[in-house]
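Protein chains: 2
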Amino acid sequence: MGVDVQTEDSAIRALVGRWVEAACAKDLDGVMACYAPEVVAFDAIAALRFEGTEAYRKHWEYCMGFAEGEMIMRIPDMDITVGGDIAFCHYLANCGCTDTAGNERTGWMRGTVCLRRIDGRWLIDHEHYSVPFDPETMKVMTELQP
Amino acid sequence: MGVDVQTEDSAIRALVGRWVEAACAKDLDGVMACYAPEVVAFDAIAALRFEGTEAYRKHWEYCMGFAEGEMIMRIPDMDITVGGDIAFCHYLANCGCTDTAGNERTGWMRGTVCLRRIDGRWLIDHEHYSVPFDPETMKVMTELQP
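Protein sequence lines correspond, in order, to chains A and B. First residue of the first sequence: 1, per my numbering; consecutive thereafter. First residue of the second sequence: 1001, per my numbering; consecutive thereafter.
Distance condition first, Cα-Cα at most 25 Å in a straight line; then the derived SDA-like pairs of lysine to any residue:
1) B/Lys1139 with A/Ala55
2) A/Lys139 with A/Met64
3) B/Lys1139 with A/Met141
4) B/Lys1058 with A/Asp79
Simulated DEER-style distance windows between Cβ atoms:
5) B/Gly1069 with A/Gln6: 46 to 56 Å
6) A/Asp119 with B/Glu1068: 46 to 56 Å
7) B/Lys1026 with A/Thr98: 42 to 52 Å
8) B/Pro1037 with A/Ala25: 37 to 47 Å
9) A/Arg74 with B/Thr1137: 19 to 29 Å
10) A/Gln6 with B/Thr1106: 36 to 46 Å
11) B/Ser1010 with A/Ala101: 50 to 60 Å
12) B/Asn1103 with A/Thr100: 40 to 50 Å
13) A/Arg57 with B/Glu1136: 16 to 26 Å
The set of hints was computed from the structure by calculation and includes no laboratory data. For every residue, glycine included, the Cβ atom is placed at its ideal position computed from N, Cα and C.
Please put together the full structure from these sequences, using the hints given.
This is the structure in structure tokens:
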């Protein structure tokens, strides 16, 4: 059976859209519904790797608690490649939160999302988020602009 | 045509193996031979994104100059998913270099590599390397162990 790239591309964009919406709403169940049970995640903060939804859910809970006000995540553009029942996509995301005074505090992050179509439904099998660092100071470069 | 997952898995492992060998030998041409022309890379240091082999080659040249002595890259284990003519794989890599006294200075990094099979040959279409950071200090956590 051939792959209708356009259809699958749209389905993946919809999934990432639901994920962003859930993250911004601090809807933990909504975020977790986007992951395959055996997800392996490389998140931008705190640990090298999270394996499985139980461990990753705890991390997401911590992240949602960390955001002072509203969570912000904007993905202006996304590159998607589909092949059969797998796909990968990557993008730059403007992420952060509002502080107690209501001011936006955001920076740019890189996101890579690898997906599987399981029983006709796309789910995130692996994801990788990060901010590059300056090897002189070992600090992350939160001031970079695309 | 079906995909012989075992064969493709081996071909991808061989490609990553050549890439590691070239990186450790500071063989710039050898490293660059592993990339698709339109590669988009999110590297661990210095910039948000590199687009195309010309830009990425310059960055690799900078990285190879940055390593004082020999470059070190060890990938104990790798998870590969193949679907038709695309694939993705992820791993933890122990990376660094030897200093002027010959001592190893390494840390753990996360790697995600997304590939395409172009004219029967696997090439890296997208890669993402990073070290997680501590949101309290904004410094990368180079001391983490898998």
